[in-house]
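Enquirer: Given next are the chains, with one letter for each unit.
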Amino acid sequence: MIEKIKINTNGQGLYEITNLVSSKLDNSGILNGICIVYIKHTSASLIIQENADPSAKKDLENWLNRLVPEKDTLFTHTSEGPDDMPSHIKAILTQVSISIPIVHGELTLGTWQGIYLWEHRKAPHDRSVLLKFLEG
Amino acid sequence: MIEKIKINTNGQGLYEITNLVSSKLDNSGILNGICIVYIKHTSASLIIQENADPSAKKDLENWLNRLVPEKDTLFTHTSEGPDDMPSHIKAILTQVSISIPIVHGELTLGTWQGIYLWEHRKAPHDRSVLLKFLEG
Amino acid sequence: MIEKIKINTNGQGLYEITNLVSSKLDNSGILNGICIVYIKHTSASLIIQENADPSAKKDLENWLNRLVPEKDTLFTHTSEGPDDMPSHIKAILTQVSISIPIVHGELTLGTWQGIYLWEHRKAPHDRSVLLKFLEG
Numbered sequence: 001m002i003e004k005i006k007i008n009t010n011g012q013g014l015y016e017i018t019n020l021v022s023s024k025l026d027n028s029g030i031l032n033g034i035c036i037v038y039i040k041h042t043s044a045s046l047i048i049q050e051n052a053d054p055s056a057k058k059d060l061e062n063w064l065n066r067l068v069p070e071k072d073t074l075f076t077h078t079s080e081g082p083d084d085m086p087s088h089i090k091a092i093l094t095q096v097s098i099s100i101p102i103v104h105g106e107l108t109l110g111t112w113q114g115i116y117l118w119e120h121r122k123a124p125h126d127r128s129v130l131l132k133f134l135e136g
Numbered sequence: 137m138i139e140k141i142k143i144n145t146n147g148q149g150l151y152e153i154t155n156l157v158s159s160k161l162d163n164s165g166i167l168n169g170i171c172i173v174y175i176k177h178t179s180a181s182l183i184i185q186e187n188a189d190p191s192a193k194k195d196l197e198n199w200l201n202r203l204v205p206e207k208d209t210l211f212t213h214t215s216e217g218p219d220d221m222p223s224h225i226k227a228i229l230t231q232v233s234i235s236i237p238i239v240h241g242e243l244t245l246g247t248w249q250g251i252y253l254w255e256h257r258k259a260p261h262d263r264s265v266l267l268k269f270l271e272g
Numbered sequence: 273m274i275e276k277i278k279i280n281t282n283g284q285g286l287y288e289i290t291n292l293v294s295s296k297l298d299n300s301g302i303l304n305g306i307c308i309v310y311i312k313h314t315s316a317s318l319i320i321q322e323n324a325d326p327s328a329k330k331d332l333e334n335w336l337n338r339l340v341p342e343k344d345t346l347f348t349h350t351s352e353g354p355d356d357m358p359s360h361i362k363a364i365l366t367q368v369s370i371s372i373p374i375v376h377g378e379l380t381l382g383t384w385q386g387i388y389l390w391e392h393r394k395a396p397h398d399r400s401v402l403l404k405f406l407e408g
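Heads up: the sequence lines are chains A, B and C, in that order.
Under this note's numbering, think of the first position of the first sequence as 1, with each following residue one higher.
Under this note's numbering, think of the first position of the second sequence as 137, with each following residue one higher.
Under this note's numbering, think of the first position of the third sequence as 273, with each following residue one higher.
Next up, chain A with everything else stripped away, as it sits in the complex (with noise of 0.2 Å):
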């Protein structure tokens, strides 16, 4: 069972997406298993963070935007914009797939932690996360 999600980005920053996995996990009627996040792009990315307090979402972005900053006089690859570059870094320091277990029809998150598409380009995009579901 496979489902697609489609996301349009307003540029760059983290969307959660928590409510729309398991959404889809509701519909799906699958009680024990994993549900694998996968998503088909290289310069948006994936993670599992903190979703109860704004700032450290905000922290979060400063702090990447500051290991990664445009402009940097050793890129090359700057055709596509200056933070076309950056982007595919961030993108590689986080992920592009994550597993979650499911027990008792539900994702087994943690108290604090939501699933968030993270959007490294600055212009809107549309962006397409994979849900598999598999049972067992």
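Misleading hints may appear alongside valid ones.
For the chain A half of the interface with chain B, some residues (derived, Cβ under 10 Å), not all of them [said to hold, decoys possible]:
| hint | residue |
| --- | --- |
| 1 | Met1 |
| 2 | Ala56 |
| 3 | Ile102 |
Sample of chain C residues at the chain B side, in silico, Cβ under 10 Å [to be verified]:
| hint | residue |
| --- | --- |
| 4 | Ile279 |
| 5 | Leu303 |
| 6 | Asn304 |
| 7 | Gly305 |
| 8 | Met357 |
Far from chain A by the CB rule (all over 10 Å, computed), these chain C residues [to be verified]:
| hint | residue |
| --- | --- |
| 9 | Arg393 |
| 10 | Leu402 |
| 11 | Gly408 |
Bear in mind the hints are in silico, worked out from the structure with no lab data behind them.
Built from N, CA and C at the ideal position, the CB exists for glycine as well.
Following the hints, put chains B and C in place on chain A, whose structure we already have.
Expert: Coordinates of chains B and C only, in the frame set by chain A:
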């Protein structure tokens, strides 16, 4: 089949859990499939790393502490202590979930690979790691 | 079903293995499920990244080399050479395992996504990557 491992950490550092995972696998009786190791926290994480030489472990910890120091003036999420925001950042730079093939009843770890829980907080914490075994 | 890929690297750099993985999937006859790509090493790792423009690959390598340089005075794990400890650090910042959905007999890679083995050591190494296919 889902199993839970409890690890009571003594504060920041790498805690090897390879034997705990192998032992749960033995009990499961599963011969072929995958093991998903999942951590339910946002200030502790998972890695697979060299388990032979303790100096590699120490260097890893020191290097990450230097990359993500406390008291960074960029941080606004500071109410839970100076080690809280660095912990979230370290967690997203490492793993929340790792999938390992199972062959002939054993994890297919390489010769030097060990599975570690990385506690990023300075105070002791009780951590939960889930193991999901899927046959196939 | 488990398959092994052998990659004999010529030293540090990104080696695309997408076609090797796809070819093994074709042979498996599996139409729907997941493919887990797993690397059995601690000084080489996996990423999924842009496979269109070689400049992106080069910039990734140069950026990570600058983030984790050799001869860092912090390192004590130096007996295996100056590129050994940086290799372990680069490995934990990227992936040891990646799960990719399979739909209609194909990996659900995005248009620009390629699967890469990242050799972090400077000398040539023989590397083993496992592919676990699970139907469902």
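Enquirer: Does each hint hold? Answer for all of them.
Expert: Evaluation of the provided hints:
| no. | hint | verdict |
| --- | --- | --- |
| 1 | Met1 | violated (15 Å) |
| 2 | Ala56 | holds (4 Å) |
| 3 | Ile102 | holds (8 Å) |
| 4 | Ile279 | violated (14 Å) |
| 5 | Leu303 | violated (14 Å) |
| 6 | Asn304 | violated (12 Å) |
| 7 | Gly305 | holds (8 Å) |
| 8 | Met357 | holds (5 Å) |
| 9 | Arg393 | holds (18 Å) |
| 10 | Leu402 | holds (16 Å) |
| 11 | Gly408 | violated (4 Å) |
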